[in-house]
Structure formats: structure tokens, C-alpha cells
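Guided by the hints, dock chain B onto chain A, whose structure is given.
There are 2 protein chains.
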Amino acid sequence: MPHLWLFYQMQSGLTHIYTGNGKGKTTAALGLCLRALGAGKRVCLVQFLKKGDFSELKALRRFPNCTIRQFGTSEFVDPKNVSIQQRAEAQKGLEFARKAILCDPCDLLILDEILVALQFKLLKLEDILNLVAAKPSRLELVLTGRGAPQELIDAADLVSDIKEVKHPFQKGIKARRGIEF
Amino acid sequence: MPHLWLFYQMQSGLTHIYTGNGKGKTTAALGLCLRALGAGKRVCLVQFLKKGDFSELKALRRFPNCTIRQFGTSEFVDPKNVSIQQRAEAQKGLEFARKAILCDPCDLLILDEILVALQFKLLKLEDILNLVAAKPSRLELVLTGRGAPQELIDAADLVSDIKEVKHPFQKGIKARRGIEF
Numbered sequence: 001m002p003h004l005w006l007f008y009q010m011q012s013g014l015t016h017i018y019t020g021n022g023k024g025k026t027t028a029a030l031g032l033c034l035r036a037l038g039a040g041k042r043v044c045l046v047q048f049l050k051k052g053d054f055s056e057l058k059a060l061r062r063f064p065n066c067t068i069r070q071f072g073t074s075e076f077v078d079p080k081n082v083s084i085q086q087r088a089e090a091q092k093g094l095e096f097a098r099k100a101i102l103c104d105p106c107d108l109l110i111l112d113e114i115l116v117a118l119q120f121k122l123l124k125l126e127d128i129l130n131l132v133a134a135k136p137s138r139l140e141l142v143l144t145g146r147g148a149p150q151e152l153i154d155a156a157d158l159v160s161d162i163k164e165v166k167h168p169f170q171k172g173i174k175a176r177r178g179i180e181f
Numbered sequence: 001m002p003h004l005w006l007f008y009q010m011q012s013g014l015t016h017i018y019t020g021n022g023k024g025k026t027t028a029a030l031g032l033c034l035r036a037l038g039a040g041k042r043v044c045l046v047q048f049l050k051k052g053d054f055s056e057l058k059a060l061r062r063f064p065n066c067t068i069r070q071f072g073t074s075e076f077v078d079p080k081n082v083s084i085q086q087r088a089e090a091q092k093g094l095e096f097a098r099k100a101i102l103c104d105p106c107d108l109l110i111l112d113e114i115l116v117a118l119q120f121k122l123l124k125l126e127d128i129l130n131l132v133a134a135k136p137s138r139l140e141l142v143l144t145g146r147g148a149p150q151e152l153i154d155a156a157d158l159v160s161d162i163k164e165v166k167h168p169f170q171k172g173i174k175a176r177r178g179i180e181f
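In order, the protein sequences belong to chains A and B.
If you're matching positions, the first sequence starts at 1 in our numbering and goes up one per residue.
If you're matching positions, the second sequence starts at 1 in our numbering and goes up one per residue.
Bound conformation, chain A alone (with noise of 0.2 Å):
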């Protein structure tokens, strides 16, 4: 037993979940790609909803085993009215992902704001569980944003759940470059 409990640790990557209203959740993700980084290991970074020249991807780009892939564009998502090209971009990062995860050419997979385009119903639930489920053992994989549904919570291993306490956007300030994107 002892032997199949050491393979299991070296084998087992986990499916981390970072989510709550606090700031934290994308720029932990981040963290864990620079770690994996420094490790040797290969990182796929694949943002959701998002589409812009952050000053984190330029830090990334540095380093030669990390590949970034964007699904989203530049305009502002507004719930209530998803444009069909944003409805678009969803689903093929979403087909982006499945690939990596089949296909298996990293050992993190990060889904930054994958749980806001599922809350924004331009993913469904259905599809995000399967992909969780597909995951090889030795796979870490992290998705980030607001309001993950209780059956992604059970599927996951790690879940933190960032709670704002004090934000300064509640003082009327902006968003800054190098520090918020």
C-alpha cells in the first residue's frame, strides 16, 4: 500500500479552484504558472473573456514552455446582452481546452475566468464538469472566477474562495497597469 500511495503522489495533479468576490483569484493563478515556470514544468494559460496585451502575458512571454491562448474580445461583456462573436470566442477556447487536455501538451492548464463565462451562460455547466472529468492524472488544472457552482466544487480538489474585505475600487480607483492587469 505504502508503494501506491507514493505513486499516487507523484502522479496526481489536482484540479485547483479559485473563486469569491476578492482580488486574487486570476493573479494566484498567475503565481502558480510563474512556480510551475521555475519548475520546468509547461504551462498553458488560456484566459477567457479576456482579450489584451497585459503586462502579465509580456512577463510570460519570456519563458519558452509557456503558451498563452486568448477567447474573448476587446468589448466589455454585459451579461445581458452576449454578442454572438463573444458567445464564439467562449466556445472555442473552451474547444482550445479539451484539446489540451486531451492531447496533453502542458502539465498546468490554467482556465482564467472560465467560471464567469459559465456564469454569463456562454459555457454550460455540463461542459466544464467533462472536462474536469477528462483530466489525465498527472495534469494540473486551475480555474478561476466568481460563483463556482457547488458540482464544480465537488469535483474539484482545492478550492479557495477569495472574499473581498476591502477593495479599493470602492474609493473611485481605477484599475492600474502592472498592478491590476
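Hints listed in this document are in silico derivations from the structure and should not be mistaken for laboratory results.
There is no bait here: all hints are sound.
In silico SDA-like pairs for lysine to any residue, Cα to Cα no more than 25 Å straight-line:
#1 B:Lys174 <-> A:Arg42
#2 B:Lys135 <-> A:Phe169
#3 A:Lys174 <-> B:Lys41
#4 B:Lys51 <-> B:Asn81
Chain B in isolation, oriented as in the chain A frame:
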């Protein structure tokens, strides 16, 4: 008045706290490092209670704008039996942080696990409050660790409380290189 507000926007660095019992505090701080480095900012990462060549440090060393200093010992800190050396290291870390704040060598200063050093009584609350109060307006200051006291929460601008909903250590999975360190 709009000019004053704009001036505030441009100049204002904030004090962040990432606290709570969940995974993601140091990891979020590392994400902030990555983002700031991508924006060409100068980063100083000060780690309390830690000593080791963690994967994240290997990745951060690729960036010439990033300074890393550790103030800890390689042994585990038992809060009921803190060694003289551990106490001395924490004090050196405080002194280093004070100089970094006063002498302005960086744009983002991370004091990683400083709140645990406080909780373990290696540092005094008053000294940390003084650090926060001495922060120059354009510096972004980040404190991490469990158990942030209310006085520090009051002094900070952005506070995220990371709650553990689920953690694999509950299942007996140990920390893994490239993921947890």
C-alpha cells in the same frame, strides 16, 4: 479638483493584504510580481520564515528588475519554541523592509508571510503598522500571511481573505515541487 484626483490616481500605490487560511496568499503575491515585472516595474520580494530555492524564485531570477531576499531558517518554525536565530532573521527582514520603504529602491514591495511572523510573535504589530505608515505614496506594498489583525486591515487599502473550502492536504497529499513551492 479633477486634477488633484488625477494626480492621486497616477501616484497612488496601495497597501494590499492577502490573508486567510486558504491556498493562494503567497501565490497571489507572486502573480503581482509577474504582472509588475511585465510592466517594467522594479520588484522586491522579501520572504519571512522561509529559506529555500523555491521554483518561483528560479523563475523570478530571470528578471533583472527583481530583488529577492529571504529571512528565515531552513528548519520548521515552532511558535512555542522559536530559536534565537529565527527571531534574529525576522528582525533583519523587518530592517531590510524598512530600508526598502525609506530608500525607495522598488515599485512593488512584497513582505511575504510577514503576518505569520507577527502571529508567531517574531515581530511586533507596532513595527509593521509603522512600516505601512511610512510607505511612500507611489509604492505598492503587499503583506501576506494568515491571521491579519484588525489594526492592519484598517491600515490597508485592499484586503482579500482567502478561505479554504477544500484542500488536498486534508486528503494526505503533500506539498509538491512546482505547485506548492
